[in-house]
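Number of protein chains: 2
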Amino acid sequence: MATHPVPSDPIAAGATQRWVTGAIPRPYLLFLGDATEPAYAKTAFGLREWAPERCIGEFRCPGGTVSVGLPAMRPAEAHAAGARALVIGVANEGGIILPAWVPLLVEALQAGLDLVSGLHVALGDIPELHATAMALGRRLIDVRRPPAHLPVGTGQKRAGKRLLTVGTDCALGKKYTALAIARAFAARGIDSDFRATGQTGILLAGSGMPMDAVPADFEAGAAEILSPAASPDHWDIIEGQGSLLHPSYSAVSLGLLHGSQPDLFVVCDQPGRRHMLGLPDFPIPTIERIIAVTLDFGRLTNPAICCAGVSLNTAHLSEPEAARLLLSESERLGLPCADPIRGGARFEELIDRCLG
Amino acid sequence: MATHPVPSDPIAAGATQRWVTGAIPRPYLLFLGDATEPAYAKTAFGLREWAPERCIGEFRCPGGTVSVGLPAMRPAEAHAAGARALVIGVANEGGIILPAWVPLLVEALQAGLDLVSGLHVALGDIPELHATAMALGRRLIDVRRPPAHLPVGTGQKRAGKRLLTVGTDCALGKKYTALAIARAFAARGIDSDFRATGQTGILLAGSGMPMDAVPADFEAGAAEILSPAASPDHWDIIEGQGSLLHPSYSAVSLGLLHGSQPDLFVVCDQPGRRHMLGLPDFPIPTIERIIAVTLDFGRLTNPAICCAGVSLNTAHLSEPEAARLLLSESERLGLPCADPIRGGARFEELIDRCLG
Numbered sequence: 118m119a120t121h122p123v124p125s126d127p128i129a130a131g132a133t134q135r136w137v138t139g140a141i142p143r144p145y146l147l148f149l150g151d152a153t154e155p156a157y158a159k160t161a162f163g164l165r166e167w168a169p170e171r172c173i174g175e176f177r178c179p180g181g182t183v184s185v186g187l188p189a190m191r192p193a194e195a196h197a198a199g200a201r202a203l204v205i206g207v208a209n210e211g212g213i214i215l216p217a218w219v220p221l222l223v224e225a226l227q228a229g230l231d232l233v234s235g236l237h238v239a240l241g242d243i244p245e246l247h248a249t250a251m252a253l254g255r256r257l258i259d260v261r262r263p264p265a266h267l268p269v270g271t272g273q274k275r276a277g278k279r280l281l282t283v284g285t286d287c288a289l290g291k292k293y294t295a296l297a298i299a300r301a302f303a304a305r306g307i308d309s310d311f312r313a314t315g316q317t318g319i320l321l322a323g324s325g326m327p328m329d330a331v332p333a334d335f336e337a338g339a340a341e342i343l344s345p346a347a348s349p350d351h352w353d354i355i356e357g358q359g360s361l362l363h364p365s366y367s368a369v370s371l372g373l374l375h376g377s378q379p380d381l382f383v384v385c386d387q388p389g390r391r392h393m394l395g396l397p398d399f400p401i402p403t404i405e406r407i408i409a410v411t412l413d414f415g416r417l418t419n420p421a422i423c424c425a426g427v428s429l430n431t432a433h434l435s436e437p438e439a440a441r442l443l444l445s446e447s448e449r450l451g452l453p454c455a456d457p458i459r460g461g462a463r464f465e466e467l468i469d470r471c472l473g
Numbered sequence: 118m119a120t121h122p123v124p125s126d127p128i129a130a131g132a133t134q135r136w137v138t139g140a141i142p143r144p145y146l147l148f149l150g151d152a153t154e155p156a157y158a159k160t161a162f163g164l165r166e167w168a169p170e171r172c173i174g175e176f177r178c179p180g181g182t183v184s185v186g187l188p189a190m191r192p193a194e195a196h197a198a199g200a201r202a203l204v205i206g207v208a209n210e211g212g213i214i215l216p217a218w219v220p221l222l223v224e225a226l227q228a229g230l231d232l233v234s235g236l237h238v239a240l241g242d243i244p245e246l247h248a249t250a251m252a253l254g255r256r257l258i259d260v261r262r263p264p265a266h267l268p269v270g271t272g273q274k275r276a277g278k279r280l281l282t283v284g285t286d287c288a289l290g291k292k293y294t295a296l297a298i299a300r301a302f303a304a305r306g307i308d309s310d311f312r313a314t315g316q317t318g319i320l321l322a323g324s325g326m327p328m329d330a331v332p333a334d335f336e337a338g339a340a341e342i343l344s345p346a347a348s349p350d351h352w353d354i355i356e357g358q359g360s361l362l363h364p365s366y367s368a369v370s371l372g373l374l375h376g377s378q379p380d381l382f383v384v385c386d387q388p389g390r391r392h393m394l395g396l397p398d399f400p401i402p403t404i405e406r407i408i409a410v411t412l413d414f415g416r417l418t419n420p421a422i423c424c425a426g427v428s429l430n431t432a433h434l435s436e437p438e439a440a441r442l443l444l445s446e447s448e449r450l451g452l453p454c455a456d457p458i459r460g461g462a463r464f465e466e467l468i469d470r471c472l473g
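Each protein sequence line maps, in turn, to chains L and Y. With the working numbering applied, the first sequence closes on residue 473, and no number is skipped along the way. With the working numbering applied, the second sequence closes on residue 473, and no number is skipped along the way.
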């Protein structure tokens with residue numbers, strides 16, 4: 118926020134600080150809170166999947182049931198095993214730190230770990246964390262602080278090419294899809310950057326824009342800053358957020374779309390999900406509907422916007438089930454449909470379409 | 118923001134403080150900055166029009182040309198005439214305080230006036246203002262600070278009825294239209310509230326939600342808080358913001374629409390405006406297009422959403438020209454079209470339609 122002074126020492130002890138590239142201590146102990154629904158632990162799963170060398174253990178509250186498959190460790194064990202930071206790997210609805218978490222986070226500070234959070238609430242706003250970090254000289258690092266002095270969006274066309282992942286809901290593969298596309302582009306020698314827009318992506322990439330924490334007036338402007346003008350053949354692969362048809366988060370999605378002015382978008386969906394996560398009254402919109410509204414609104418800042426294909430999260434299906442579904446959806450929609458995590462020929466076809 | 122502590126003394130000397138209902142000293146000297154385009158001085162015009170008894174003079178920078186028709190006064194004259202606060206009546210694109218304004222604002226503090234701002238930047242973040250206010254015991258009052266601990270939107274239907282004004286662009290009558298409709302409802306004995314979403318509206322109403330300063334993740338949730346559940350025959354008349362088809366501010370508009378879940382909306386337009394304010398490359402969308410996208414997106418949280426009519430800002434037309442235009446647009450669109458500032462039978466017809 119414009120009213121947060123930028124500290125001269127970017128991650129000083131005891132204070133909640135703006136996050137600075139490369140300054141996050143590692144490796145990590147992943148904190149899973151009291152999560153019982155894996156979709157809420159997407160930060161932990163994302164780090165485990167895309168930065169396994171930085172993750173050495175997991176730690177949860179009594180009552181939590183989610184695991185990312187790492188050894189369970191208390192903070193002292195993790196510190197002895199080399200961990201230097203506890204990363205909060207769960208993102209609940211309000212982005213808050215639950216009271217039940219606080220004693221465990223204090224335990225981590227006492228064990229010698231710094232705390233890293235991508236939640237909306239600042240670590241330093243929790244009095245016990247602030248006091249303990251101050252007393253012990255530990256650092257509280259918040260990656261979800263937008264920079265000060267963001268500009269208002271201009272809508273002006275920028276040089277370079279952009280691809281945005283969009284979704285039918287939250288937490289179904291927009292970040293994974295963008296990361297996989299960026300990796301595939303790199304493998305083909307394409308000059309490209311992954312542009313992170315959420316806490317996990319920012320932790321992975323080392324930079325980015327926490328789009329959901331930006332004041333709404335600056336949402337499109339923040340997206341413009343995130344993917345600046347580049348050489349004409351450079352690609353920015355931009356991590357999408359929320360859904361244009363999500364009753365809670367559509368503002369984030371629309372500002373990101375208008376500011377990103379993507380040439381291409383890939384729709385991300387999880388087959389079989391019936392309603393929006395945590396919102397049983399809201400059915401998942403169809404892929405066709407998301408394509409239609411994304412084209413309709415995206416044309417405002419890029420009249421040439423085009424749907425490159427569909428990314429289906431088929432983690433819950435067997436290999437043959439997934440193959441059948443990807444084939445039938447591809448034929449039904451007339452677009453490449455792939456699961457980037459499975460990869461293979463279908464994913465290469467999606468990449469061909471992006472670059473064709 | 119969650120990280121701003123709520124001060125125990127809400128408008129203490131020298132510090133930028135959260136605004137508190139009813140605590141703004143009056144009457145006002147309206148500051149017009151260096152504005153040369155009346156549309157950027159909408160806060161000043163709004164206060165002059167809707168709260169004339171609180172406005173005793175105007176004050177501008179050298180080079181500024183906009184007037185709201187009040188006597189020009191320097192701060193010392195205004196204070197002698199009874200003024201107790203200088204209200205910044207201009208809202209430039211970034212919501213910032215220009216360096217050229219600072220000596221004039223310091224002059225106001227020295228003359229005995231408190232400062233009131235609806236800009237994004239906090240008054241207390243300008244060192245000269247902070248130091249002068251501290252030294253003299255003056256207050257710096259920012260009305261554009263959203264409350265801490267906003268909820269995420271739920272999309273759940275609330276009791277009560279809601280009307281939202283929406284626009285083809287910024288600064289063309291959404292606030293005026295909502296105020297006029299609220300006044301007309303009150304005149305007919307309808308139980309209703311004007312719900313302010315911008316700085317001027319909040320200054321006028323004494324409460325509201327600065328929607329454009331809310332972190333994007335909470336945009337819909339903030340709109341839900343702004344118009345809480347009410348008795349079934351109560352109306353909230355909600356001031357719209359921006360436009361769903363505005364490349365800079367669409368995030369604000371969509372979050373407000375989804376969170377407001379309006380039963381009715383009124384489209385606001387300024388006939389003859391060719392392009393979006395400050396964005397010559399972006400033509401104004403048609404009224405029909407705004408109706409279509411508002412219905413399309415609004416149905417997500419209120420399937421019964423309906424367009425009640427159109428509000429045309431005809432300030433630049435003669436009375437007969439305006440009458441002809443309102444008639445032809447009404448016939449063309451098949452909807453009541455009125456200029457609420459002109460009022461009259463056409464406006465009563467629009468109110469009839471709202472209540473019918």
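In short, the hints are calculated from the structure, not lab data. One thing to keep in mind: the hints can contain errors.
If several chains are the same, the list does not tell them apart, and a pair holds so long as it fits within one copy or across any two.
[Said to hold, decoys possible] In silico DMTMM-like pairs for lysine to aspartate or glutamate, Cα to Cα no more than 20 Å straight-line:
hint, residue 1, residue 2
1, Lys274, Asp310
2, Lys274, Glu210
3, Lys274, Glu436
4, Lys274, Asp469
5, Lys274, Glu170
6, Lys274, Asp398
Against the structure, the hints come out as follows:
Taking the closest pair of Cα atoms, Lys274 and Asp310 come within 20 Å of each other only inside a single copy of the chain (18 Å); across copies the shortest separation is 41 Å, beyond that limit. Taking the shortest Cα distances, Lys274 and Glu210 sit within 20 Å of each other only across copies (19 Å), while inside one copy they are farther apart (34 Å). Taking CA atoms no more than 20 Å apart as the test, Lys274 paired with Glu436 passes in neither setting, with 42 Å inside one copy and 41 Å between copies. When the C-alpha separation of Lys274 and Asp469 is checked against a cutoff of 20 Å, the pair qualifies neither within a copy, at 25 Å, nor between copies, at 44 Å.
Taking the shortest Cα distances, Lys274 and Glu170 never come within 20 Å of each other, neither inside one copy (39 Å) nor across copies (46 Å). Taking identical chains as interchangeable, the C-alpha atoms of Lys274 and Asp398 lie at most 20 Å apart only when they sit on different chains, with a minimum of 10 Å there against 38 Å within one chain.
Checked against the numbered hints above, the structure violates hints 3, 4 and 5; every other hint is satisfied.
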